[in-house]
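Participant: Here's the letter readout for the chains.
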Amino acid sequence: MSIWEYANPKKFIATTTPLVPWVMGISISCLVVGLVWGFFFTPDDFRQGSTVKIIYLHVPAALMAINAWFMMLIASLIWLVRRHHVSALAARAAAPIGMVMTVIALITGAIWGQPMWGTWWAWDPRLTSFLILFLFYLGYMALWEAIEDSDTAADLTSVLCLVGSVFAVLSRYAVQFWNQGLHQGTSVPVATGERSVSDVFFVPLLVCMVGFGLLFLALVLMRTATEVRARRIKALEARMR
Amino acid sequence: MTLNVSDLTVVRGGVPVLADLSFSVAEGQALVLRGPNGIGKTTLLRTLAGLQPALKGSVDYAEDTGAYASHADGIKGQLSVKENLAFWAEIYGNSADESVYEAFDLVDLKDRIAGTLSSGQKRRLGLARLGVVGRKVLFLDEPTVSLDGFSVKLFARWLSEDHLAKGGIAVIATHIDLGIEAPELELAPFKAAPDAASSDEAFL
Amino acid sequence: MIALLKRDLVLAVRAGGGFGLGLSFFLIVIVLVPFGVGPEAEILTRIAPGIVWVAALLAALLSLDRIFALDFEDGSLPLLATSPLPMEGVTLIKGIAHWITTGLPLTLVAPVLGFLLHLEPSAFGWLLASLALGTPALSMIGTFGAALTVGVRRGGLLMSLLVLPLYVPTLIFGAEAVARGAAGLDGLTPLLMVAVITLASFALLPFAASAALKINLR
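Protein chains in written order, with our numbering: chain Y, 1 to 241; chain F, 242 to 445; chain D, 446 to 663.
So that you can see chain Y by itself, here it is in the shape it has in the complex (with noise of 0.2 Å):
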């Protein structure tokens, strides 16, 4: 019994379509518990009023889009070693996902910084490296679309992925090297153990977190499926001809 065992495509399949509702459902409650929790039953910042609680929607996009090119690089690493077509497949079903976590972190911090900076948009390092993040995903689902053959296609795509995120950690230090920005520290420092964010907003901040962790997972899950079955027309479709 070895884990590797999942990544055939059928067994993938029968595998994980039972567990989509159930993921997706304590998706569902948590970003629900967490968005009324944390709109509503918790005070205004003293210095921020009531802004603050777009955190709860900012936060977690914003840490689910840079997880999910995390991912994509795991799964294209799997790939380019083990051969396993689902994990190819999963790396492109979460390219889509991660480039809207992008978008909606980038919105949210627009709305968000409106009021506290006076600008919707500052070439601060945090939202420029989203900016950047967002066009290495463009530039990543693109190639897939150009390229016919799905396993040329999954092979280049998973080097473009490697070589990417060594150019997007690169194009971080040298976006803060070149405007050191606005934007607050982090708000959950995870080196330090110290958190700028008091627990009253913590609480239903890590409530949303763990929701848009799920609800990413059962999104990838339901795409890679979509993705293997697409697949296996293909390949029905070339034994045909």
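No lab work stands behind these hints: they were computed from the structure.
Quick caveat, the model's predicted, so the values are computed rather than measured.
Here a beta-carbon is modelled for each residue, glycine too, at the ideal position from N, C-alpha and C.
Warning: the hint list may mix true and false statements.
What the hints assert, rightly or not - Pairs of lysine-lysine residues, derived as DSS-like cross-links and limited to a Cα-Cα distance of at most 30 Å, are as follows: (1) Y:K234 / F:K297; (2) Y:K234 / F:K432; (3) F:K363 / D:K659; (4) D:K659 / F:K377; (5) F:K432 / Y:K10; (6) F:K297 / D:K659; (7) D:K451 / F:K323; (8) F:K432 / D:K659; (9) F:K297 / Y:K11; (10) D:K451 / F:K351; (11) F:K363 / D:K451; (12) F:K297 / Y:K10.
What the hints assert, rightly or not - If we take Cβ atoms under 7 Å as the criterion, some of the chain D residues that face chain Y in the derived model are: (13) L593; (14) L603; (15) L606; (16) L607; (17) P610; (18) L611; (19) V613; (20) P614; (21) I617; (22) A653; (23) I660; (24) L662.
Unchecked claim - Cβ-Cβ distance ranges computed for the label pairs, FRET-style: (25) D:D631 / Y:T119: 25 to 35 Å; (26) Y:S2 / F:G408: 42 to 52 Å; (27) Y:G118 / D:G629: 23 to 33 Å.
Since chain Y is already given, all that's left is putting chains F and D on it; use the hints.
Facilitator: Structure of chains F and D alone, referenced to chain Y:
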């Protein structure tokens, strides 16, 4: 030295086209591949030359002895005939011998810019490339396309006298009779069954 | 490998559009800028470092699809792939050839164009140095992009979409070095970052580009 192919299955776009192909070609011999269009001659030659991986089976010949000639000649129209050949010779660590120009009737064209050659002349230049690479095992895909009868004879003479007679090996896909003594391999019986294992198999 | 470099350079000279086209494009972009932002010297002085770098980047981008497309069309690429040259060597040489035909001439004329844009006198050295160190990275990153899209018909636009985000760090550090020079500061830190990107690109990207080419030739 021989070329050994055993149990080879070649794929085009993930779908097997030829399956369980086995043959061997001895030193000084040529093998002519026959079969209708689309049977997979080009795919087979590309696999033999190492451009694409085989689904299964093995291809054995001494390392760094193979050379491949495709439909396209790989000729640069902006370079002269001489420069084109000198380039490929240098890539393979050789020098372009005078005899090659004679063998392919290119002596008078030597300083012409390749872009001004007729398609038959270009093809001769493309084949002359095989004369300068100094490789023992040649994989030739339709070498005689757009050649006139005289040039075909010229090529056949070079192949048998300058290549095979010196211990070379050639695998040739062609529809015409080259006029050289060579066994033929009909590919139609090796056509992959429609339900053969493919790289998409996991999805079925 | 020298033979391949020689051939590519001869082709660039004979086919035209090798040396000349990128250079003319660079010139035209620089000339167009004052029409867009106005002729005031102060504004031009301020934006000159960035404009020269962005124009150089676009000029380099313009000729990228020629790197492999021509060899792909006439069938040279599979022949090169089956030749004794390692594919990594081919991609490295292609990157170098692209730099010699675009990056190097761009670097050499950039000071003249800096003059047109009223670049601060103190920045000319930094401009020359940052372009000399940075344009090779543009060529090598571009070679990788070209290798990814060689099998795609009319892949030029797609390639721009893939390559331009990869150009971000080089552009930021390159332009920053010139901007610091123009402000009378020391631009050595960004300049060294540019050098690092170039060296790392030449050390690693030939492998990625060669992998992409082999996949595309399958």
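Participant: Among all the numbered hints in the text so far, which are the ones the structure does not match?
Facilitator: 24
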